[in-house]
Structure formats: structure tokens, C-alpha cells
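Chain residues, written in single-letter form:
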Amino acid sequence: MHLHEKIPNNVNLHEDRKLLRALEKWQPNYMKWWQEAGPAGFQADDIYLRTAVSVGSEGWAHFEYVKMPDYRWGIFLALPGKDRRIPFGDFLGNPVWQEVPGEFRNSLRRIIVTQGDTEPASVEQQRRLSSSAPSMYDCRNLFQVNVEEGRHLWAMVYLLHAHFGRDGREEAEELLERRSGDFDKPRILTTFNEPIDDWLSFFMFTMFTDRDGKYQLLALAESGFDPLSRTTRFMLTEEAHHMFVGETGIGRVVRRACELMKQDPNEDARAQGGIDLPMLQKYINFWYSASLDLFGGEISSNAADYFASGLKGRAKEERYDDHVALSGHYDLEILEEGALGHKLVPMRNAMNEVVRDAYVEDNQRGVDRWNRIIREAGIDFTLRLPSRRFNRKMGIYAGHDFDPEGKPITDVEFNARRFEWLPTESDRTHVRNLMQPVLERGKMAHWIAPPAAGINGKPVDFEYIRKA
Amino acid sequence: MGHEVSDQTPVSFETDPSRYRHWKLSFEGPVARLIMAVQEKEALRPGYELKLNSYDLGVDIELADAIQRLRFEHPEVRCVVVSSDREKIFCAGANIHMLASSDHGFKVNFCKLTNETRLAMEDASRHSGQRYLAALNGTCAGGGYELALACDEIVLVDDGNSAVSLPETPLLGVLPGTGGLTRLVDKRKVRRDLADLFCTVAEGVKGKRAKEWRLVDEVVPRSRFDEFIAKRAQELAKSSPARASEGIPLHPLAREIGEDRIAYEHLLLELDREGRRATLTVRGPAGDLPSDARSLRALGSAWWPLAAFRQLDDALCHLRVNEPALGLVLLKTEGDLQRMIAQDEIMFRLKEDWFVGEVLLLMARTLRRLDLTARSFFALIEPGSCFAGSLFELALAADRSYMLDDPKRPGAVALTPVNGGAFPMSHGPSRLQTRFLGEPERLGPLLRESRSYAPEEALQAGLVTVVADDIDYEEEVRLAVEERGSLSADALTGMEANLRFPGLDNCDSKIFSRLSAWQNWIFQRPNAVGEKGALTLYGKPGRPSFDPRRT
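Residue numbers (numbering that gives the first Met the number 0), protein chains in the order written: chain A, 0 to 467; chain B, 0 to 550.
To be clear, the hints were calculated from the coordinates, so they are not data collected in a lab.
Among the hints, a few may not be true.
Straight-line C-alpha distance at most 30 Å; calculated BS3-like pairs for lysine-lysine [claimed, not checked]: (1) A/Lys315 / A/Lys31; (2) A/Lys184 / B/Lys230; (3) A/Lys81 / A/Lys66; (4) A/Lys315 / B/Lys210; (5) A/Lys342 / B/Lys23; (6) A/Lys31 / B/Lys210; (7) B/Lys531 / A/Lys17; (8) B/Lys210 / A/Lys24; (9) A/Lys213 / B/Lys23; (10) A/Lys24 / B/Lys207; (11) B/Lys531 / A/Lys342; (12) B/Lys87 / A/Lys392; (13) A/Lys392 / B/Lys539; (14) B/Lys87 / A/Lys184; (15) B/Lys40 / A/Lys406; (16) B/Lys50 / A/Lys184; (17) A/Lys31 / B/Lys539; (18) B/Lys23 / A/Lys392; (19) B/Lys230 / A/Lys342; (20) A/Lys184 / B/Lys539; (21) B/Lys207 / A/Lys17; (22) A/Lys184 / B/Lys210; (23) A/Lys392 / B/Lys509; (24) A/Lys184 / A/Lys24; (25) A/Lys392 / A/Lys342; (26) A/Lys31 / B/Lys87; (27) B/Lys207 / A/Lys342; (28) B/Lys40 / A/Lys392.
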């Protein structure tokens, strides 16, 4: 079978001999990587997966049973816009680039490699989760997320192969050589080297960390380099599902916590073998703050350069009035001698912060929906996003201590109270102990409520995984 | 805009390991570890932070001190491992915000001083058998890589991400300022076309390719890195014979700093700000001269040649950085000429002793610092002076020398064996060889024995520029000094640098004669420091815009 027939694409792969040759060399290594680092077990089973076979509305969500290694990882770019113009920066209004401008070759390659590196990383982080899935439905969702992350890796590799010559091919190979958490060849960003060994963390990851991914993709979708823009726009259609998995996953844990509280004389969900709301809050505190770090420094010359050069914009650039952003300032809260103050940062240098603002707002909507579940259960408890200064390891707040409300505190105070705010070892052990696999059709683990609906109009007790 | 350095607290060049803020120095037998641990908030000047192990002059002053002390205080050390305390970063190079906010003179001086420090590392390897091993445990950019290039061997961690790079041209519109370009092709013999590729890729080269291109000697995975470095350091240490087991402590320089003078034990620096000149007077040795290796080791850093030249070195650094407007330095000496000759002869006789050898090397470095100082130097040779041998090198280094011929108070200059090559200039030859480039036959007779020359003899022998009698001397000198002060400082800098180094180039001298000159020029060009220059806009919202016209 010819490779181009195995790879659904809308980039005329069968005519592009250069690209075909590059992919022919890369694809076997990719399969090797998938077997070594992809989901453990289940590789021979039929999974009810959504596969993109074209970019049209009927083609991007095509459902069928497929063995994961046979999943048709494809190369899809959103359809080109007519006479698309660079929407921001110093080249505002110029026609978009179809080829990489030499001046920005290195920056673009760096952007693509960094984005590309996160895709296989999360697959590696989630490799062992299938052995503790709370239901067949959830296990299938995990695999869906995994194969799509794999496809997103393909998308970035396509750009590297098609536009960056020998360097691009080498970078594409290295994307398969690095491994999450590997001491010698770690993934580029720290958060993608953290282990994810329980499902609560997985839901948090898909809620918060994948949402960072969404905002990075939105910012790249604005790029003046059109192939990057088109690729990321298509990736965004798939990314939405990942956040759905995270948000509804946590929502179901919340719902179950409420049910268990009602059953317990002391309203203690934990005593009833569930995950209690205060512990959920701690997990939120941890994962939200770790994901905020992924946006980069509050004041960033890279961000300014990328914006100026038209490489990376703001999420939904059209919502802003000023697309040059040379005159405005961003009012940043800074810590000076222990007290919070204000600093005006040139707008371009604050682009990471602008994107982070949109991200924070988006997360809040999810948290509001969880709180509605709690309120409807008649329970007096509110989940909150901590202040964006809390528990940061990157940027201007790193190295300082803040409480979840964002008030500066001493490190002594922080350490005295961190067990109230962040998951402790015993919290993690409790969660891990709850993670007993439940894979019978329609059954759910004790700590999680069933979803409101199944996948693609199928019932919740549909056979999403057919054992070989 | 750049700040006026002279308005700020003067920079002190004196430090010691107990006061280091940016480096950690530790010892394991013959191996020393020099770990870069830059404190972000401890910049030398306000206005920038030393993020990512980037450095400013304060960091380099400590490095220079450490290199010097390793040679004197730790002769048992045969290998120095240079690494960083950061997990993913070795060093990001010179701090860009510091460069962008410094005036032109400070930038050039900073480059010059850091260059001299890198050369001192190579000098320590070549002459003191202390091998330098760069253990690049993370990304290494610009000046960080140049620091590694000054080492004998470079080992880079192979973690799929750590790279070496010289991003100055693509990112900043300037050049790598501390010998990076020269060392790539001259020292490491990187192919010039590959060097060209390397120097234009801002993110640099990592892993296998870095080794293939000879940018590094080894790439080693993170898990085996420490073990590899430890083993390689031992091997390097073994390859170099031990000199001594016990070192000589370098005690602090006693200085009295006044408004217009700095008094050292053997040196007086007088500052005439109105006349825009300084007078530097070195006092020769006094009293009995210790004449065997044991007793002069007992004197240690109080031994005259070491003490006087350390003080001279400090004074030169001070003048360069803290007194940029004093364009002319008058060099004088005071003391007994015969005792000075005797002092040199003792030193020359004992030159195989490791400590004496080390002192000679330090004197040579100090004299090179003088050669490379962008000030006019006039030596004033007057009665009661002791321009003999090693101190006569000051007169040889000067741009001109004026000698007073006063029959009532006869004066003289003298040559000793040390003038034969103990103090090579940056480009290799001695100052006497350089002086007589066109008449090499003069050298033999001059160096046959230690002897002194009366004024007329000195003039005949070509050892001084002008001899004047007691009636003319004062006027002659006044005119020369005033005339010098009226000339363009920039033109003088260029003129002197051209005239001081005739003859062939070597790697060291190229770093100064080519690199410094080019860097000096590029640092002033609009593409670097203009309103839209790359250095001006670094870290700011705008993008640089380059004037495409070439000269």
C-alpha cells in the first residue's frame, strides 16, 4: 500500500515527492514511537474513534471502529482564505506568506517545534491511564484524545517537512526521540515532563493544560505564515473535544461528590469513597497554576518579536481594535519589596499576558458550570480559580509566595498552609487508591457520575471498546 | 540612553573568593570546579537583571580573580572544570540590557576586559598547565559559548535541547565580542563555511552536529554527563605535571583612594582631570633583595615584582573603566637603577621556580594590558628613575619616551635579560623585537649583558624617543603633552593601536586588532545602536530595521 493512500490529506501528498520521501522515512519511526510510548494495552482492540478524513463538516468527524495503530493520522489544513492578509504586527495588511520568510525561518521553526513537542508529550504522560479507567466510555475518550494528539504531531511534522528542509526533517525526528520525563531527552516544557498517574489529573490536564494548547493554537491561527495558520485552525476543531473531556470529567466528579455528601451523615464525600470538593479545589489550584506557566513570561521579548514579525498573534485577533500594538501599554501587577504595585509594560511585550487573560476568562466559564451543579444539589460550596499569582514557577511571580487570593505572603506562611491549598501526598494516595479499572459496558467507577450522553448519539452503555 | 560611567560609583577590580557573588570555587585534589551561579539581582549597575546566568563586568571581575588565584594559590590544580549551577542553562552570555544601556566606551572596555580574562584562561593552560574543561550542562549562547571556546575542551550535554550558539549577528546586529569568531576558525579550526552557517543561526547547533562541526569536543547524555566530566577532568589533570603542592596567597592590595590620587604601596596614580591626564609612578624595589626561591616565596604577594605589577594592573583597569576622560598617561619610575637590575637578575636566574615563573607571567599579562589600553602613554625618564629591565618595558610599551639629560644629576636606563622575551606582547614578539622590527641586528648586542645607558647612549641605541637637556626638557614635555591633548581621542586610539603592534598576527592579537576594531565600529553603527538598531530594540516591542548599504 502506498503511503499517501494511508494518510488522509488535503495537501496533494501523492504529488509532492519531496514530502512523501520525508514522511516515508519518518512514518515507521512514528509507528515505533506509538507502540513504545502510546497507550499501553488495547492496541489490538477495536475502538470507536472519530477520524478526520477531510476538512469538510461531513468529513472531520467520521466515526468507526478502528484499531489504534491503524488510525489514519492525517494531514489537514483548513481551507485557504481568499486573499488572506497578515492580521497584525509590522506587516499588517500584507498578503500572508505561503513560504517561510528567510528572516523568520528560525523563529518559526522554534515555534513549531515547541508546539509539536507538547503533542507526543501528553500521549506519553497518559500512557498508563487505560489500566485505571473509570469506565469504557472514559477509556475511549482517553484514546480519542491520544490519537488526536498524535495527529497534531503529524500536523507540526508536516510543516517541518514541507517548509524547513533538512533542519525540519531533523527536528521532526527529534520529536520522536524525546520522551516525557526522560532524564536524558526530556520534553522541552517542564509541565510536559510531569507524570499523570490518576484520572483526576487527566481531567485537570485536559481542562486546563489542553486549554493552554487551545490558546496557543488560536494565537498561531492568526499567523502570517499561512500554512501554520491553516493547520492550527483545523487542529482547533479537534482540540475542543479534549476540553470537553476535561470539563465534563470534572463536572461528573463534582456531581458524584455531591451525591456522596448527601449519603454521608457528615457530608463527607471522602468517607463515602469519593473525591471531596476541597480536594478537587486543591487539584484545580495545582493544575491551573502549572498551566498558567505555559504561557511564558509576563514581560517577554520573544512574544514582542513574534507579534511584531506577524508570526504569532493574540487569540481571536479580530476582537482587538489596534493590531499594531505599538502605542498601548498593559497594566501589570508586580511585586515590589513585598507589596503589589503596578507597572505599565509596552503592549507587545505583554502579549503572553493578553493571551493569558483570555484563557483565564475561558476557564472561569467552566468553573461556573461546576458550581451550578453544586448549587443545584443544594450544597454550600464554591470552586474557585486561584489568583494567577499563586504557585507560579515561571514569570515575574515565580520565586515569590502568594495565597490563592493573590495576596503576597511569606514563604513560612506558604509552607505552613500549602497542605490546605495543594494536593498532599496523602491526597494523591487517596486518589490513586480510588483508581480501580471499571471496563464493563455502562458501568462507572464509584467516584464518578455517568456522563449525560454517549458519544456521537450512542448510548452511554454502548460498546466503545471491542476486545480482540 | 547610555549612562555616563564617570558619574557612577567607581568600579573596584579587587575581590577574593570570600566575596564572590556569582561564582562558586571548589577543589577536589588536582581538579578545581568553577561554577557560574550568577545572582540576577546583583548587577554591577542598576537598570538590568542578570537573568539566565548572563554576565556583566562584576561577574567577569570575579572570574578574572578566580583564574589568577588558581595559578598562584592553587598550583596543585591541574584541571579547572567550568560549569553552571543551573539545570538547563550554562550561560546566556553578556547581558544585553547592560550593553544596550551602556555608553560606547564602556561597551568597548567591557569587551576588552572580558577578552583579557578569556586570554588569561588560555595563558593559564599554556604556561601554568591548568587545563580548562568547559562542562556545558545546558544552553550556551554568545559570550557563554565564547567562555567555553577559551577552554581547552568543550563537552556539551546531549538532551535534545541544549545548544551552543553565537546569535550576535542575527539577533543583535553586533559581533560576538570576546573572541568567538576568531577562536572558531583559528583555534578550533571549524570550517569557515560551517562557521558562517553557525554564526547566523540564532538558536545555534546542538548534539551530534555540534560535535561534527567541531563546535564542541564531546556530546554526552545527561545521565552520564557528571561521570564523564569527572573522568575527563582527571585525565586532563594527569596529562599536566604538578608544579607544587602549596600555593602563595594573594593578599589584598592596600590602596588609599583620594579625590585625585590613588596611592598603592609601590605605585602612585595622580589624576589631573582638568588637564585630562594621569601620572603613574612606579617605585622600584627598596632594601635588601631576597635572592633564593625559598625566601622570596616566603615574601609571597609582598615580593616586589608581584606586588608592584598587581598594583599596576589594578591601576590600569581603574583608569580604563573609571576615568575614561583622562586620555594621556605619563609613566614614571622612582628608585635605584642598580637595585632594579639586581632584582631582575635574581628573577631571571630563578625563572624555573614555579612561583617566579608565575610572577613573570603575571608581569607579562600586565604589560600586555598596558599595550592594549586605549590611552596615550608617554614615558618620562628623569633623574632618580629606575627604568631598568622589567620597568624599562613600561618605556618600551609607551608611545613615546622623553629622557632628561641633566649633567648635574646623571640618569640612565638599563636592559636586563628579561627584556629578551620574558614579556611577550599579544602578537608574540618581545617589545624590543617589535621596536627593532626593521633592524633586528641591533637586538643581539643590546641583550648580551645587563647594562645601563646614559641619555645620549640611549638615544643612539634607539631606546628612547627624545633626549633633552635641563634647559629644554620641561618645555619639550609640556608642548608634547598639550599637543597630545588637542588631538582627537578617537583618532589617537586608532593610530596608537595600529602603531603598537607591527609584525605578524596570532590568534590572541587578532582578537584585539581585528575583532575589537570591528566591534568598536559596529557598536557605533545605526544598525546596532541607532533608533531602530537591533541592540537598541532588543527586548522592546519594535523590530530592528537595517540600513542595507554596505561600505
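Verification of the hints:
| no. | hint | result |
| --- | --- | --- |
| 1 | A/Lys315 / A/Lys31 | violated (37 Å) |
| 2 | A/Lys184 / B/Lys230 | holds (22 Å) |
| 3 | A/Lys81 / A/Lys66 | violated (38 Å) |
| 4 | A/Lys315 / B/Lys210 | violated (44 Å) |
| 5 | A/Lys342 / B/Lys23 | violated (35 Å) |
| 6 | A/Lys31 / B/Lys210 | holds (27 Å) |
| 7 | B/Lys531 / A/Lys17 | violated (40 Å) |
| 8 | B/Lys210 / A/Lys24 | holds (24 Å) |
| 9 | A/Lys213 / B/Lys23 | violated (43 Å) |
| 10 | A/Lys24 / B/Lys207 | holds (20 Å) |
| 11 | B/Lys531 / A/Lys342 | holds (24 Å) |
| 12 | B/Lys87 / A/Lys392 | holds (15 Å) |
| 13 | A/Lys392 / B/Lys539 | holds (24 Å) |
| 14 | B/Lys87 / A/Lys184 | holds (12 Å) |
| 15 | B/Lys40 / A/Lys406 | holds (23 Å) |
| 16 | B/Lys50 / A/Lys184 | holds (25 Å) |
| 17 | A/Lys31 / B/Lys539 | violated (44 Å) |
| 18 | B/Lys23 / A/Lys392 | holds (25 Å) |
| 19 | B/Lys230 / A/Lys342 | violated (50 Å) |
| 20 | A/Lys184 / B/Lys539 | violated (33 Å) |
| 21 | B/Lys207 / A/Lys17 | holds (25 Å) |
| 22 | A/Lys184 / B/Lys210 | holds (18 Å) |
| 23 | A/Lys392 / B/Lys509 | violated (44 Å) |
| 24 | A/Lys184 / A/Lys24 | holds (21 Å) |
| 25 | A/Lys392 / A/Lys342 | holds (20 Å) |
| 26 | A/Lys31 / B/Lys87 | holds (29 Å) |
| 27 | B/Lys207 / A/Lys342 | violated (44 Å) |
| 28 | B/Lys40 / A/Lys392 | holds (18 Å) |
The structure fails hints 1, 3, 4, 5, 7, 9, 17, 19, 20, 23, 27 (numbered hints given earlier, in ascending order).
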